[in-house]
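Participant: Residue numbers (the working numbering), protein chains in the order written: chain A, 125 to 256; chain B, 125 to 256; chain C, 125 to 256; chain D, 125 to 256.
Hint data in this document are derived by calculation from the structure and do not stem from the laboratory.
A couple of the hints might just be wrong.
No copy is singled out in the list; a pair is fine if it fits within one copy or between any two copies.
Said to hold, decoys possible - With a Cα cut of at most 25 Å, we get these calculated DSS-like pairs of lysine-lysine:
1. K192 <-> K132
2. K132 <-> K219
3. K170 <-> K255
4. K219 <-> K170
5. K210 <-> K244
4 protein chains.
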Amino acid sequence: MEYVFTRKINYYETDQMGVVHHSNYFRFFEEARIAYLENIGYGYDKLEQMGIISPVLSISCDYIKPLKFSDEIQIKLNFITSTSIKFEIEYEIYKDGELTSRGYSKHCYLDNNGSVIGIKKHYPDFYNSIKK
Amino acid sequence: MEYVFTRKINYYETDQMGVVHHSNYFRFFEEARIAYLENIGYGYDKLEQMGIISPVLSISCDYIKPLKFSDEIQIKLNFITSTSIKFEIEYEIYKDGELTSRGYSKHCYLDNNGSVIGIKKHYPDFYNSIKK
Amino acid sequence: MEYVFTRKINYYETDQMGVVHHSNYFRFFEEARIAYLENIGYGYDKLEQMGIISPVLSISCDYIKPLKFSDEIQIKLNFITSTSIKFEIEYEIYKDGELTSRGYSKHCYLDNNGSVIGIKKHYPDFYNSIKK
Amino acid sequence: MEYVFTRKINYYETDQMGVVHHSNYFRFFEEARIAYLENIGYGYDKLEQMGIISPVLSISCDYIKPLKFSDEIQIKLNFITSTSIKFEIEYEIYKDGELTSRGYSKHCYLDNNGSVIGIKKHYPDFYNSIKK
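Just chain A, with the same shape it has in the complex (with noise of 0.2 Å):
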C-alpha cells in the first residue's frame, strides 16, 4: 500500500537557519498518516467510534535536504509492518522529484482503556484495509 499526501510548508515552520525546524517533520509525518487512514475510509472520527487508538512507540527521521518556506512536498506513506497488534510506516518526503528526507513510525493498537487489541479478531474489515 502506497499513498502520497501533498503541502506546503508554513512560514511558520521555519527556524533562524531558514529551514523547516527539524521536530516540524513528525508533525508532517501525522497528517500523512492521517489522511491516509482517512482515505481508506477509517479516518479519526470512525476509529474513535471503534474504540481504538493508536499511539506511536517510537518515531525517527533522516534529514537529507533541508526544506524552505513555501516548498511544495510529497510525503509518500509505506506501510511496511502490518500486523494484529501493530504497525509500521515509512514516510518519504520529495520536492521536485528529490528525496529529501525518510522517517519511520511504530504503533500499536490499544482499545478505551489502554489495554492492547489485536484488530485482526476484533476489527478484520480495518485489519484487511490496511495489510499492505
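Keeping the supplied structure of chain A fixed, place chains B, C and D upon it in accordance with the hints.
Facilitator: Leaving out everything else, chains B, C and D in the frame of chain A:
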C-alpha cells in the same frame, strides 16, 4: 498584584527572519499566567480539583522590539480586572530592562459543565487571592 | 477585497482540553494572509525580490466557539485599512457557516534595511493590488 | 560526559489525548543539547562567532510512558560518539526517577559555507571539551 516570570528564548521558537515568531508570545503569556496561579497557591491541579477552568476569551499583543534566540526575558503580569466571573491580565515583556512587547488576555470562569460560575460566592478564598 | 482560505485542523494543533490551542489561530491567520498575497500575485518570493517585508505590529483574536481536530474551517480575510505604509486585516473563522472567531492584525512595510517604505510611490502596482 | 537538564511541561505542549505530543520531545532534546553546550562554554553565540553549525542529520525517540502537563522532567544527555566531524547524543527523559523515553540524535560540523569541518584540527579546545 504584579508578578514577574523569567524564561529564555528557545531556538525552535525563532523563524526565518531570525526572531521569535509572533504566535509564540501567546505561549509565553500562558506560561507566565500558569506560573502566577501556581505561585498564589492555585496551580492547575488545585483548580482542576476545584472544578474551575478559565478559558481565553480574547488575547492580543503589540510587538515593539523583536526577541531573539537565547534572549532572557522577564514577563511582568498584572491583573487589570478581576471580578467574580472574569479577569483581564496585562503582560509586559522586558529584555535588558527595555519593554519589547505588551499583551492582554481576557478569561472567564467555567465549571466542568461549561457553565459560567461566580468565584466570589463559590470560592471566596480564590477570589480574594486573585483580586488585585 | 475579501478572500476565503480553507484548511483543516490538524491533530497536533489541539491541546488537552480537546480543542485548538488559542496560539494556533495566529498561525492560521498567517497562512490565510500569505495565501491571499500569493493569490493577488505577490507571493513571498516576489515580495522578497522586491525587497519588502511586512512584519506584524500587533495582532488579536476573539474566541467565540472552540475548534476541534479535523474541523474544516474557512478564514475570511478582509483588508480594513490599506495605506502607503501600513495595512490592517480582519480575519473571520467560520465552521459550518457559523462564525467561531474574529481577529485583527496590523502590519507596516519595511525595506531590507528595516526602514519604513511607502509602497504607493515605490510599488504602485502592489499598492493598487492590495488597496481594498 | 553526562549532563542533566530539568524543565517542566507546558500546557500548550499537550494534545487532545491529555499527554505531550510526540513531536515536542525533539524540542526538549534541543533545549537540553543547547544548555549542555552552553554549560561547557560553547553557547550558541560562541559557536556562531567561531563559524560552526551542527545540524541534525537524524533523530529518533522511543516513547515508554507518556508525559503530562506540569510534569517536571530530567533529561539526561550523553555523548555516545564524538569524532572530529560528527557526534551522536543519547537522551533519556526521567520523571520521578523513572525512565519515560529515550532518544538519539546525530550531528555533523559545518562551517558558514556549509562545508564539513574537522574540529579536532581547527578547534582542538572545543573538540576536547565535547569528547566524552
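Participant: Tell me, please, which holds for K210 and K244 at an alpha-carbon limit of 25 Å: within, between, both or neither?
Facilitator: within (11 Å within a copy, 45 Å between copies)
Participant: With identical chains, the pair K219 and K170 could be close in the same copy or across copies; at 25 Å between alpha carbons, which is it: within, between, both, or neither?
Facilitator: between (32 Å within a copy, 20 Å between copies)
Participant: Have a look at K192 and K132 and pick one of within, between, both or neither, based on CA distance no larger than 25 Å.
Facilitator: Both. Shortest intra-copy (10 Å) and inter-copy (22 Å) distances satisfy the 25 Å Cα cut-off.
Participant: When no copy is specified for K170 and K255, does a C-alpha distance of 25 Å or less occur within a copy, between copies, both, or neither?
Facilitator: Within. Shortest intra-copy distance 18 Å satisfies the 25 Å Cα cut-off; inter-copy 46 Å does not.
Participant: If the cutoff is 25 Å on CA atoms, where do K132 and K219 land: within, between, both or neither? Let me know, please.
Facilitator: both (10 Å within a copy, 22 Å between copies)
Consistency note: the structure conflicts with none of the earlier hints.
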